[in-house]
Each structure stands twice: as C-alpha cells, then as structure tokens.
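Chains H and W supply the protein sequences, listed in that same order.
Under the working numbering, think of the first position of the first sequence as 1, with each following residue one higher.
Under the working numbering, think of the first position of the second sequence as 250, with each following residue one higher.
Because the hints were derived from the structure by calculation, they are not lab data.
Take the hints with a grain of salt, since some may be wrong.
Per label pair, the in silico range of CB-to-CB distance [claimed, not checked]:
| id | chain 1 | residue 1 | chain 2 | residue 2 | range |
| --- | --- | --- | --- | --- | --- |
| 1 | W | F315 | H | R132 | 39 to 45 Å |
| 2 | W | T493 | H | F11 | 38 to 44 Å |
| 3 | H | F11 | W | F281 | 49 to 55 Å |
Not close to chain W: a few residues of chain H, all C-beta gaps over 10 Å, as computed [to be verified]:
| id | residue |
| --- | --- |
| 4 | L75 |
| 5 | L89 |
| 6 | D91 |
| 7 | F134 |
Below are the DSBU-like pairs computed for lysine-lysine, each with C-alpha atoms no more than 30 Å apart in a straight line [unchecked claim]:
| id | chain 1 | residue 1 | chain 2 | residue 2 |
| --- | --- | --- | --- | --- |
| 8 | H | K112 | W | K300 |
| 9 | W | K483 | H | K216 |
| 10 | H | K45 | H | K178 |
| 11 | H | K45 | W | K452 |
| 12 | H | K241 | H | K230 |
| 13 | W | K483 | H | K111 |
| 14 | H | K143 | W | K300 |
| 15 | H | K178 | W | K300 |
| 16 | H | K52 | H | K241 |
| 17 | H | K52 | H | K111 |
Since this is a predicted model, take the numbers as computed values, not measurements.
Note that CB positions come from ideal geometry on N, CA and C, so glycine has one too.
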Amino acid sequence: MIYFQGVSKAFGSHVVLDELDLDIPKGKITFILGKSGEGKSVTIKHIMGLLKPDKGRIIVDGFDISDYSKDEVRLYRRKFGMLFQHAALFDSMTVLDNVLFPLREHTVMSKKSMLSRANEVLEQTGLPHIKRKFPSELSTGEKKRVGLARALVAKPKILLYDEPTTGMDPLVCEMIDKLIVEVGNTEKELTSIVISHDLKAALATSHNIIMLYKGKVALSGSPDEFRSTKDPIVRQFFSGKIEGPMEFF
Amino acid sequence: MNLPAKFSFEIPEPILAWMGSAVKRVELSGRFIFYLREIFQQMFRRPFRQKILFQQIEFIGNQSVFIILLTGFATGAVFGLQIGGVFTVFNAEGMIGGATGIALATELAPLMTGFLLTGRAGSAMTAEIAIMKVNEQVDAMEAMGVHPIHYLVVPRVLASMIIMPFLCGIFMFIGVVGVYSIGVAVFHVDEGVFYEKLINLVKPADIMTGLRKMLIFSFIIAAISCRTGLAASKGAEGVGLATTNAVVRTLIFILLADFVISYIEVRWLS
Ligand SMILES: Nc1ncnc2c1ncn2[C@@H]1O[C@H](COP(=O)(O)OP(=O)(O)O)[C@@H](O)[C@H]1O
Ligand SMILES: [Mg+2]
C-alpha cells in the first residue's frame, strides 16, 4: 500500500531519514516505533505529502506522490485521516463542527446526511453527549476521541495516528488502543498507521511493526518476530534501559 | 612593494552579519511576494467563504468602532484647537472646519485608522492564527486538504478591505464633529460659515483619496498580520513574538505605502 524507496531527509545538517525503505501493507494496523526525535512524525508527514523527501520515492496506493503538483497533493490528502498528537482541534468550533469540517470541505453530501454521518462517528467514539461543547471544555482523552472522530468521518483509506496515547493516563491509553483495533476491525479496507513508542501497545494491537533507528529500519515484522528477535537495538528498546548499543544523540 | 609578512584580508564581523541579514531579507521578501500571489490565486477559488467573511467583518467592526470614535473625535478636536489658534491671528477662524477637514480626509484619518486597526484588529488576527499554528491546527487543516490561505487569510483580507475603509469614513466624520465642537465652543465660529467653508474646501475627491489609501492599508494590515501568524514558531513565546513583530512590520509598511501613494498623487495625478 505504502512504499518508501531510499527516502532521505535532512534539516540543515541534521539527517533524519537516511535511505529509508518501508513497506506498509493494506488493510492492516502497522505500528512505527522509535524513540523520541527518531523521525517518526517526519515519516508520516512524508506519507501525507506535508514534507518532500530530499531523495527517494514514496508510492502510496500505486501513485508516486512526488509526481504530484501542490494542488494535486491537496486532493490526494483527502484519502487520509489523521489524529494529531495533541488532537489539533479547531478551538473556535464546537465538537460537532470540528467533526463536520472534513465533510463540509470535501463532499457534496446534503446537510442531513452530513449530520447523520457525523453523529454516527460520534457514537462510534462514544461522544454524542459532548457534541455542543468547545474543545477548551474537554479533557485530554475526550479531545483525542473527537480528533479520532474527525479523522474517521470522511471514510479515509488510510488512518494515521501520531502518538495517540503519549501523555495519557493508563485508562485513556487502553481506551484509545481499543478504539484503534475496533476501527481497524470495522473498516476492513482501512490501513492504520500508528506512530508510537509504546511497545506493549504495539505488540498487543498491531499486525505489523516497523522500528526506526538512525533514519533506517532497525527491524520490520509481526509482533511475534519482535518478541523473538535477537537484534540488540530492539532488545534494548524492549528493556527500556539506557545501557546498551543504542546511541542517544 | 612591502607587504606585511602575513597578509590577510578579513571582512569585519558586523559587515558579514549585515550581509547575512541582507540576504535573508531578500529571501524573505521573495517569499512574501510568493505569498501575495497565493492570496490572489486563492481569492478566486471556490468555495467562497461567506460565513467567515461576515464573522470577520463583525469582529473587526465590533472591536474597533469605539476606539475609532474616541480617537477620531479627539484628533479632530485637538487639531481644531491648534489650527484655530493660528487662524484666529488672521481672523480666519471660520476656515478651521475646511482646513482640518482636508487634513483629516487625505492624511490623518487613514493613517490614524490604519495605526489603530493594526493594534486592535491586526494583532488579534496574528495572535489567533499564531495560536492555531502553534497548536498544529494549521497542520491539521493542511492534512485535511484545506489551504490555510484560502480558509484563514482570504476571508480576513477581504473583510478588512470591506470594513476598514468604512471605519476610516467614520473617523473622518467624527473628526469633523470634533472640530465643529471646538470651533463653536472655543472659537465661536458661526455654524453657517463653518459648513460653507467645509463644503467649499473639502472635495469628494479628497475623501476618495483618503479612502483609497485606507483600502491599501487594509490589505497591508490583514496580509502582514496573517502571514506573521502563519510563520509563528513553535512554543509559547512564538505567539507573543509573532504579534509584536506583526504590529511593527505593519506600521512600517503603512508609513512606506503612505509616502509612496502621496508621492504618486502629488507628482503625477494632480
Ligand atoms: N520542520 C522541521 N525543521 C527542522 N527540524 C525538524 C523539523 N521537523 C522535525 N525536525 C527534526 O527532526 C527530528 C525528528 O523529528 P520527529 O519526526 O518529530 O521525531 P519523533 O520521532 O519524536 O516524532 C527531530 O530532531 C526534529 O527536531
Ligand atoms: Mg512526533
């Protein structure tokens, strides 16, 4: 579904992606792991065409996105839903208007069917009671769920989650992990990509894990392959210890 | 020829720094021109965002009308006092309405309104957009395939160009009311004489000159304020920094534009 071929990206002299090759399968949940600052967010920004690679090709759904003009990239992004790390809800709009935003912008649905679709996803994410509230009145967990509802509402083919559980309490984490699985199960065609450094969640909820290290793939495989790997970098990431072969800066 | 043993020529540090910042300035202005082009392109794209346009018009109007009334009246009154003092010497108090009127219409009203609106409406635009930028709301918009210039900038630019000249007109009117009060109360000018001189001296063309200026200032205020907000850097201090920068930049560009417009009008159009 999504291929990276030799993708390099540097900011000034700081090389973030170094000839990265990726292969993300369709209709599955893929976790991208790596420590903070490893280039996980940069990777998904490339997938969405928000950043351009210095080198290499990115092929999504059969199309090489570097061939697209700026306007075409904007159209192309409508295939995606994205849940931002801090939800990134529009402060000036109610929950309902936030969720309606992608529909109003991109579809020619009638007002009624937009509303019923919005209510459907609000139901799915367990939020119908707060739809008239503004983001500033919500808890962090609720904001995340609204962000998820907004990402889902236009029926994307690819759903991107950027650190959906970072900084959340354990209950909210559990709930979000459940939602990721649930959403993945209901929409069979949907490709979910989850950026995370939560290894436990990755092992429990994903079909496929990719671990980034120093701008390259350290290991890519199923949760079982990750459990049984001998790769010292991955083992160290598992153990959560500072001592080991991993370089921090 | 006697060269020192070790000849070296180094460009002094301050000059290097200046060259560096000059290059950066050229690059920035290049990007700004690109931004302006983008505003014009996006202006004609569908959909037309009527609702946001009206919200912005209402917001700018509500926020600024009181301060415009207050400053307009005070400016007219103080100017009237000063001019009146001089005109009394020549027994020409009756002219204060006309004289102040021209100054208000062509220069004072647009410039003062421009400054006031930069501080009131422009800084609010910058802060609002900078907060959206810092909280990744602008990225979210991009990610949903919506052009931030189309959604955020175009309605603000259009709203400004609609409502700000109108506010400038209010400033002119209330300024004349200020002069009138002073003329009648302090200099005992006859009402009829005041009106006659006012209408004789201030031509509709003068009012148009002022409003035309304000139309250009409105564009400058909105375009620079929004741009600075969109370029805000991450972090809490990014918003504050963007807001101060936007105000300073806008004021400089308004003064520059004022000079250029006045020059063109005086040299070529009159
Ligand atoms: N727009 C940018 N400009 C400069 N540096 C950037 C930019 N985006 C990310 N970086 C740098 O790239 C590195 C990886 O960032 P990121 O992908 O956000 O990390 P993470 O894996 O924690 O999501 C960081 O060192 C960050 O400072
Ligand atoms: Mg990140």
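- Go through the numbered hints given earlier and state which of them the structure violates, listing their numbers in rising order. 1, 2, 3, 4, 5, 6, 11, 13, 15, 16 and 17
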